[in-house]
Amino acid sequence: MSQYDHLFDTPAAYIAASSESRRNSVAVAASSITSNNFGPESHGHRTSQQVGYFPTDDECKQLANPVRELLSRCRCYEVLGTSTQVVLLDVDVELTTAFIAAQERGLAACVLWDREECAVCGVLSSTDYIEILLYCSDHPDEAERVPQYTIRYWREKVRNYKPSGTVNAGATEAETLANSFDRLCSLSPVPPLITCTSETSVSECLAQIMNNKAKRIVVLVEKESEDFNVKALLDLQQILSYLGALFLSVESQGSGPRGVSADTAMSSSITSREASDYAEGTGGPSALEAVSGYRPFIDSVVASNSEFSRGGVTLPLHVRNLHDLVLNEGRENPVDFGSYASVGPYKAITDVPFRFVPQLGQHRKTPISVTLETPFLDALRLLLLHNIDCIAVVSENDVVVDAIGRSDIVRIEDNGVYNTQLTVRGALGDRPPKKIRVFYENDTLREIFIFFVRQRVRELFLVDPNTKKLRGQLNISEVVFFLVFGTTNTNNPSKSQCGCGT
1 MSQYDHLFDT PAAYIAASSE SRRNSVAVAA SSITSNNFGP ESHGHRTSQQ VGYFPTDDEC
61 KQLANPVREL LSRCRCYEVL GTSTQVVLLD VDVELTTAFI AAQERGLAAC VLWDREECAV
121 CGVLSSTDYI EILLYCSDHP DEAERVPQYT IRYWREKVRN YKPSGTVNAG ATEAETLANS
181 FDRLCSLSPV PPLITCTSET SVSECLAQIM NNKAKRIVVL VEKESEDFNV KALLDLQQIL
241 SYLGALFLSV ESQGSGPRGV SADTAMSSSI TSREASDYAE GTGGPSALEA VSGYRPFIDS
301 VVASNSEFSR GGVTLPLHVR NLHDLVLNEG RENPVDFGSY ASVGPYKAIT DVPFRFVPQL
361 GQHRKTPISV TLETPFLDAL RLLLLHNIDC IAVVSENDVV VDAIGRSDIV RIEDNGVYNT
421 QLTVRGALGD RPPKKIRVFY ENDTLREIFI FFVRQRVREL FLVDPNTKKL RGQLNISEVV
481 FFLVFGTTNT NNPSKSQCGC GT
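Counting from 1, one number per residue, gives the positions in the sequence shown under the working numbering.
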C-alpha cells in the first residue's frame, strides 16, 4: 500500500481560506480572522451574502480604484527585498548548462543576455524546461541533441517551428495532449522582453504584466552612461506579498479602514507561523519578510496603537511616506476606503464574495486534474495548455489528494537523465503529500487575498464545502489584477520563446 492509498477512502485534509463552519469537513482554518483583516463591520460578510449583489464590470473597477491609486504612488524598488539575486545567462551557452545554473541557485527564472547586442533579451523559466521536455518526447529522434543546443539556437528553432498538423477546437483532451508541442507553437508569442525601471509605479508595472499576459517583469536600473543594469526579476507573488504587507501595515498604524488595531490585524493574522508553510520551491522567509523594510515592523507587531501614536515604532519607509502624504491631503487613511458602501453593500473590492464576481477566475467552473496513474508528461502538458501554475491530483471521487507545480519537473531528473515514462505517482516519489490550499465559493476576496499572501502559493483550489470535490481553481495573477484594476486578462496560454515574460 502506498502513502496515498488511504486518502482515497477518507476525507481530504484541506487548509481553507476561511474559518466558516462546514459540516462533515476536516478543513483546517488557515485564516481565522481574515474577515477582520481590512476592518469590515462585524456582520458585513454576512450582510453582503444575504443581499446577493453582483457588481458590474464598471462597479468592480470603481471599487478597485482606491487600490490602483495607492499603488500608483508606490515604486518598484519598494517591492524588492533588501537583497536580490539575479542570474544572467549568455544566450550562447548550452541548454544543459543554463538549467543546471538555475537549479543550483534554486531560481524559477533567469535573465538572458545577448553578447552580440550587449543587451538583455529575454527570460528563461521552468516553462521553457517543460517545453523542451515535451519537444524531446514528441521528437525522439532529436532528443539526444537538444541538450547541446544553445539558448539562442533553441529560441530561433521555436520561433520558426512549423507545426506538423493542426489541433481542432473540438479536439478531445487526448488529441490535444498528443499534439501538445504543436499546439503550444500555434499560439501567439508574448513580447520578447517586458521591462520597467526601479522608479516605475507598481500600478504601471502590473498593467504591463497584465496587458502582455506575463508572469514576471525585469527591473532595470539606469546608469550614468544612459545604459541599464538588471536589478531584479519581479513576479506577481512578490507584488501580492507587498500589497498584503502594505495594507496591513497601513492599518496597523491606527489609520486603517474602519479602525483596525495593530494587535488584531497583524499579530494574529499574516505573521502567524502556523500559516507560513511554504509552497514547494519557495522556502526561506515568510511572504512579508521579502518586502523591503518590513522585517523590523513584523518584530514590533505587538505594539499598541498608543505606541504607534507616540512614535515608538518605526514604520516602513513606504508606509511613512504614504502616511505623511495622507496627512498633507487631509484624508483619513491611505487606502481611502470609506465608511459607507460605495457600490451596493460593498465598501471595498475585498468585501465582494467570490460567488458574486463570475467574471473572476477563468477556471472557476473547470476542474483541471490528473490522477496518480496519469503519465507525468501529460500533467506537464496540462499545466502549459491551461497556463496554470499548479494542477490538482485527485482520487477516483474527485477529491484533491496532492498537487503538482511547474517546479516539480526536477523530480524526474536523475543525473541529467529524464525518465519521461513516469506516472504522477512515480514522479512524486516518497515525498509526503502537500497540504492542499483551498477556498470556497462564499469566501470574500479579502479572505482569498490574505490566504494567497499567507500561504505563498500561486494557485488555490475551489472545492465543494460539503463533498470536498474539486470544482475549479484560481490563479494568483487573476486575484492581483482584479484587486488592482477590477478586471483581469483571460489568462490564455501563450508560447514562451524561452520564458520571454512567462
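These are calculated hints, taken from the structure and not from any lab test.
Hints are not guaranteed to be accurate.
[To be verified] Think about it this way: if two alpha-carbon atoms lie no more than 27 Å apart in a straight line, the pair counts; the simulated DSSO-like pairs of lysine-lysine are:
hint	residue 1	residue 2
1	K365	K213
2	K61	K157
3	K365	K61
4	K61	K231
5	K469	K434
6	K365	K469
7	K213	K157
8	K365	K434
9	K231	K213
10	K435	K469
Owing to the predicted nature of the structure, the values given are computational and were not obtained by experimental measurement.
Cross-check of the supplied hints:
1. Taking the CA atoms of K365 and K213, the gap is about 21 Å. The hint holds against a cut of 27 Å.
2. As the CA atoms of K61 and K157 are separated by approximately 42 Å, the hinted pair breaks the 27 Å bound.
3. This hinted pair checks out: K365 and K61 have alpha carbons roughly 23 Å apart, not beyond 27 Å.
4. The suggested pairing of K61 with K231 is violated, with an alpha-carbon distance near 32 Å, which exceeds 27 Å.
5. Of the pairs offered as hints, the one joining K469 and K434 holds, with about 17 Å between alpha carbons and a cut-off of 27 Å not exceeded.
6. For the hint pairing K365 with K469, the CA-to-CA distance comes to about 12 Å; that is within 27 Å, so the pair holds.
7. A C-alpha spacing of about 22 Å is found between K213 and K157, which places the hinted pair at or below 27 Å, so the restraint holds.
8. A distance of roughly 23 Å separates the Cα atoms of K365 and K434; the hinted pair therefore holds under the 27 Å criterion.
9. For the suggested pair K231 and K213, the alpha carbons sit about 22 Å apart, so the restraint of at most 27 Å is met.
10. For a cut-off of 27 Å, the pair hint linking K435 to K469 stands: about 15 Å separates their Cα positions.
In this structure, the earlier hints numbered 2 and 4 are contradicted, and the remaining ones agree with it.
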